[in-house]
Amino acid sequence: MDCYYAAVEMRENPELKNVPIAVGGDTERGVLCTSNYLARQYGVRSAMSSRKAKLLCPELQIIPMQMSLYKSISNQIRDIFRQYTDLIEPLSLDEAYLDVSDCSLFGGSATLIAQDILNEIFKQTGLTASAGVSVNKFIAKVASDFNKPNGMCVVPPHKVIEFVQKLPVKAIPGVGKVMQQKLKDFGIENCIDLEPFTITELGQKFGKMGVSLFNRVRGIDERQVCNHREAKTTSVETTFEQDIKIEQVNAELLDKLSIRLHARLEKENKPITKLQVKLKFDDFISKTKETQHGHFNLDLCHEMLVELAKQRPVHKIRLIGIGVGYGKEAIQQMQLFEQASSA
Amino acid sequence: MHIIISKEALLRPLTLVSGAIERKHTLPILSNVLIETSLEEVKFTGTDMEVELVASAVPGNVIQAGAITVPAKKLFDICRSLPDNSEIEFKVDGHSAVVKSGKSKFSLSTLPASDYPNLEEWSSSEKIELTRHALRALIESTHFSMANQDVRYYLNGMSFELEPNLIRTVSTDGHRLALAQQPIVNGLTEQRQVIVPRKAVLEIIRLLEDDDAVIQLHIGSNHIRIEEQNFIFTTKLVDGRFPDYRRVLPQGGDKTIVADKSMLKEVFQRVSILSNEKFKGVRLNLSNGELLVSANNPEQEQAEESAIVDYTGDSLEIGFNVSYMIDVLNNIKTDTVKIMLADSNSSALIEGYDDGSSLYVVMPMKL
Numbered sequence: 001m002d003c004y005y006a007a008v009e010m011r012e013n014p015e016l017k018n019v020p021i022a023v024g025g026d027t028e029r030g031v032l033c034t035s036n037y038l039a040r041q042y043g044v045r046s047a048m049s050s051r052k053a054k055l056l057c058p059e060l061q062i063i064p065m066q067m068s069l070y071k072s073i074s075n076q077i078r079d080i081f082r083q084y085t086d087l088i089e090p091l092s093l094d095e096a097y098l099d100v101s102d103c104s105l106f107g108g109s110a111t112l113i114a115q116d117i118l119n120e121i122f123k124q125t126g127l128t129a130s131a132g133v134s135v136n137k138f139i140a141k142v143a144s145d146f147n148k149p150n151g152m153c154v155v156p157p158h159k160v161i162e163f164v165q166k167l168p169v170k171a172i173p174g175v176g177k178v179m180q181q182k183l184k185d186f187g188i189e190n191c192i193d194l195e196p197f198t199i200t201e202l203g204q205k206f207g208k209m210g211v212s213l214f215n216r217v218r219g220i221d222e223r224q225v226c227n228h229r230e231a232k233t234t235s236v237e238t239t240f241e242q243d244i245k246i247e248q249v250n251a252e253l254l255d256k257l258s259i260r261l262h263a264r265l266e267k268e269n270k271p272i273t274k275l276q277v278k279l280k281f282d283d284f285i286s287k288t289k290e291t292q293h294g295h296f297n298l299d300l301c302h303e304m305l306v307e308l309a310k311q312r313p314v315h316k317i318r319l320i321g322i323g324v325g326y327g328k329e330a331i332q333q334m335q336l337f338e339q340a341s342s343a
Numbered sequence: 001m002h003i004i005i006s007k008e009a010l011l012r013p014l015t016l017v018s019g020a021i022e023r024k025h026t027l028p029i030l031s032n033v034l035i036e037t038s039l040e041e042v043k044f045t046g047t048d049m050e051v052e053l054v055a056s057a058v059p060g061n062v063i064q065a066g067a068i069t070v071p072a073k074k075l076f077d078i079c080r081s082l083p084d085n086s087e088i089e090f091k092v093d094g095h096s097a098v099v100k101s102g103k104s105k106f107s108l109s110t111l112p113a114s115d116y117p118n119l120e121e122w123s124s125s126e127k128i129e130l131t132r133h134a135l136r137a138l139i140e141s142t143h144f145s146m147a148n149q150d151v152r153y154y155l156n157g158m159s160f161e162l163e164p165n166l167i168r169t170v171s172t173d174g175h176r177l178a179l180a181q182q183p184i185v186n187g188l189t190e191q192r193q194v195i196v197p198r199k200a201v202l203e204i205i206r207l208l209e210d211d212d213a214v215i216q217l218h219i220g221s222n223h224i225r226i227e228e229q230n231f232i233f234t235t236k237l238v239d240g241r242f243p244d245y246r247r248v249l250p251q252g253g254d255k256t257i258v259a260d261k262s263m264l265k266e267v268f269q270r271v272s273i274l275s276n277e278k279f280k281g282v283r284l285n286l287s288n289g290e291l292l293v294s295a296n297n298p299e300q301e302q303a304e305e306s307a308i309v310d311y312t313g314d315s316l317e318i319g320f321n322v323s324y325m326i327d328v329l330n331n332i333k334t335d336t337v338k339i340m341l342a343d344s345n346s347s348a349l350i351e352g353y354d355d356g357s358s359l360y361v362v363m364p365m366k367l
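Here the protein sequences line up with chains A and B, keeping their order. Residue 343 is where the first sequence ends in this note's numbering, and the numbering goes up by one at each step. Residue 367 is where the second sequence ends in this note's numbering, and the numbering goes up by one at each step.
Next up, chain A with everything else stripped away, as it sits in the complex (with noise of 0.2 Å):
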């Protein structure tokens, strides 16, 4: 979808079609989730402080999120997918992949069939999409960012190498900041440069992702779209108004963390095998600390977290997630007493 919240947002109120907007927190320390085109030509962009767009961009409207909403409309938009294959695999509300191997409308064609999907959304929702139609996830996701907004790029298989080669090692999902910048030390730009280096060149400089790199350049990615990723873990987070110190970090706050994460856990009703915290200090560092253990403890979370400070004891704390692991390890101790996990 292009710039999701943002469009539902002036779907919802016409107003904004024609002013610079952003959805997310419009607080002193609120982070933009998404911001509308007029938005972007300021310098605005997703995951930016509302500090910072607030004085690239003055007249920026910040609109609070509305999450339900956005939740339903991607209901909507996977119902439509539905009518084309069962093949999806939703990477968040506003972007999935498809596999339509397997579907028969307009002669099997990829390509009318997103053209027919695109449509569709904008009958249904009035909200445009933009489609990457290629042979793998790798290339139709690039492909997808190429025509945006409300457009569709193609590549088709004798393409791929081809479109691989104009790209910059940055477009390849996975290659982040620290990446790219590991890639330029050995004079790394682009996925060009990456084709004289064998595969154990690549494994031994950047592990298993320099495995991944080698098949990205050849257009190769493996990976099926599958429709049931099972969750590995499950979190819940929360940032506090003020950075706080780690005594602060109360049996009061940890309930409320602890009934938002067991909400959660109910669903997923799954043998958990490992125990996760995460701060993220006043310098936007982030430390974690898992402990394997077959149920929910809350106190142990509260100790960990305590562990988890003392690495960094000048710093204040910005942020504090507590989590389950499901892991492959079956083998589960069981408890005596029924376990008070939140007592």
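No lab work stands behind these hints: they were computed from the structure. One or more hints might be untrue.
[What the hints assert, rightly or not] Taking lysine to any residue and the SDA-like style, the derived pairs with C-alpha atoms no more than 20 Å apart in a straight line are:
(1) A:Lys274 - B:Arg152
(2) A:Lys274 - B:Gly174
(3) A:Lys278 - A:Asn250
(4) A:Lys274 - B:Lys278
(5) B:Lys366 - A:His293
(6) B:Lys278 - A:Glu290
(7) B:Lys366 - A:Pro271
(8) A:Lys141 - A:Asp86
(9) A:Lys274 - B:Lys366
(10) B:Lys105 - B:Ser81
(11) A:Lys274 - B:Asn276
(12) A:Lys289 - B:Lys278
(13) A:Lys52 - A:Ile62
(14) A:Lys274 - B:Pro298
(15) B:Lys366 - A:Asn269
(16) B:Lys366 - A:Gly294
(17) A:Lys280 - A:Ser258
(18) A:Lys270 - B:Lys366
(19) A:Lys274 - B:Val151
(20) A:Lys274 - B:Phe279
(21) A:Lys137 - A:Arg82
(22) B:Lys278 - A:Pro271
(23) B:Lys280 - A:Thr291
(24) B:Lys280 - A:His295
(25) B:Lys278 - A:His293
(26) A:Lys137 - A:Ile88
(27) B:Lys280 - A:Ile331
(28) B:Lys280 - A:Gln332
(29) B:Lys366 - A:Gly325
[Claimed, not checked] Partial list, derived from the structure: chain B residues whose beta carbon lies under 10 Å from chain A:
(30) Thr172
(31) His175
(32) Leu177
(33) Arg247
(34) Val248
(35) Lys278
(36) Phe279
(37) Gly319
(38) Asn345
(39) Met365
Quick caveat: nothing in here was measured; it's all calculated off a predicted structure. C-beta atoms are modelled at their ideal positions from N, C-alpha and C, and glycine is treated no differently.
Based on the hints, put chain B in the right spot on chain A.
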């Protein structure tokens, strides 16, 4: 203070009380031993504010009575390194304590006795008497199941339950539970239950001799005290509610296995070698007359051993942490053990055959 005392007379109480004294402490005086001298006896006190130990010695000669504190570990090391049967002269001289023996002379730093922390005043509300052997047996049969540094702090200790004719100890780490009991005469009029901290429990095992000498156990609201001929041991209690063991004693287990304890222990020990090092899980397959114990680890190695046991009934597969099983078998005193099971999700009840003095509950593992 000025006394003359033999090495042996000094070393015995010093060894006893130093158990309570930590070498490095934020409060310097807690590394010291308090020495108080009257004309008849020399009294030594060590404490870490949780536990207090007092032991006495009869001095050879008291030239001047008094009280002082000196570094416990240093005095102990000096005393121990002197030749046997040495006469030791201990004299406080200004801010120092001078220890002389033969041609050796040591000058130790001191801190005033008046600064030495006392466990807050307490009075024992009740008292029972039992033999050293009985108390040791109660603690030794159960201490291994205490939790260690659990967030449920009340599990990091041993529960003592006192009834009119009975004293019972219970310890549990939430996965397994151990219980022991001994009859007593002249017990408490009313039932009492207290939690003795882990460190104190381990200290009692270290201190207590195993014979039939009678000791006194005093129970206060926040402390307990053991008084016996060698020492007086006082500890604070853990303030908390110990879980009710009655709730977790398995009811209605219909599968009773009787087996030779040593044989079973050896089987577990052999099979445990190839169990998962972290989880220590072993699988038990029970069928008529046979218990098949098996284990495998992430390296895909496998161990399997069949044991002949006395059992008739339905088959059952159940998993356990093998260390818990070995711990229990190590502490059962009879040659034959009785294991009672219900199903693969219910705990096992393990007892010595025809021995009601202790019993053990172990929760299974999902393997």
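Q) Taking 20 Å as the top limit, are the C-alpha atoms of Lys274 of chain A and Phe279 of chain B close enough? A) holds, 14 Å
Q.
Restraint: Arg247 of chain B near chain A, CB-CB cut 10 Å. Satisfied or not?
A. holds, 8 Å
Q | 20 Å Cα cutoff - pair Lys366 of chain B, Asn269 of chain A | A | Answer holds: Lys366 of chain B to Asn269 of chain A is near 17 Å, not above 20 Å.
Q. Can the restraint linking Lys278 of chain B and Glu290 of chain A be considered satisfied, given a maximum Cα separation of 20 Å?
A. The given pair, whose Cα atoms are some 16 Å apart, holds under the 20 Å limit.
Q) Should the hint that Met365 of chain B touches chain A count as held when the rule is a Cβ pair under 10 Å? A) holds, 5 Å
**Q.** Satisfaction of hint between Val151 of chain B and Lys274 of chain A, Cα-Cα up to 20 Å
**A.** At roughly 16 Å apart (the allowed maximum being 20 Å), Val151 of chain B and Lys274 of chain A satisfy the hint.
Q.
Checking one constraint from the list: CA of Lys366 of chain B to CA of Gly294 of chain A, max 20 Å. Satisfied?
A. Within the cut-off at roughly 11 Å; holds.
Q. Does the structure keep Lys280 of chain B and Gln332 of chain A at a Cα separation of 20 Å or less?
A. Holds - the C-alpha atoms of Gln332 of chain A and Lys280 of chain B are around 11 Å apart, at most 20 Å.
Q | Holds or violated: Lys274 of chain A to Asn276 of chain B, with C-alpha atoms at most 20 Å apart | A | Between Lys274 of chain A and Asn276 of chain B the Cα gap is close to 17 Å, so the pair holds against 20 Å.
Q) For the pair supplied as a hint, Lys274 of chain A and Arg152 of chain B, is the alpha-carbon distance within the 20 Å limit? A) holds, 18 Å
Q | Hinted contact Val248 of chain B with chain A - closest CB pair below 10 Å | A | holds, 5 Å
(Q) Would the hint on Lys278 of chain B be counted as holding, given a Cβ-Cβ threshold of 10 Å to chain A? (A) holds, 8 Å
Hint violations for this structure: none, all hints satisfied.
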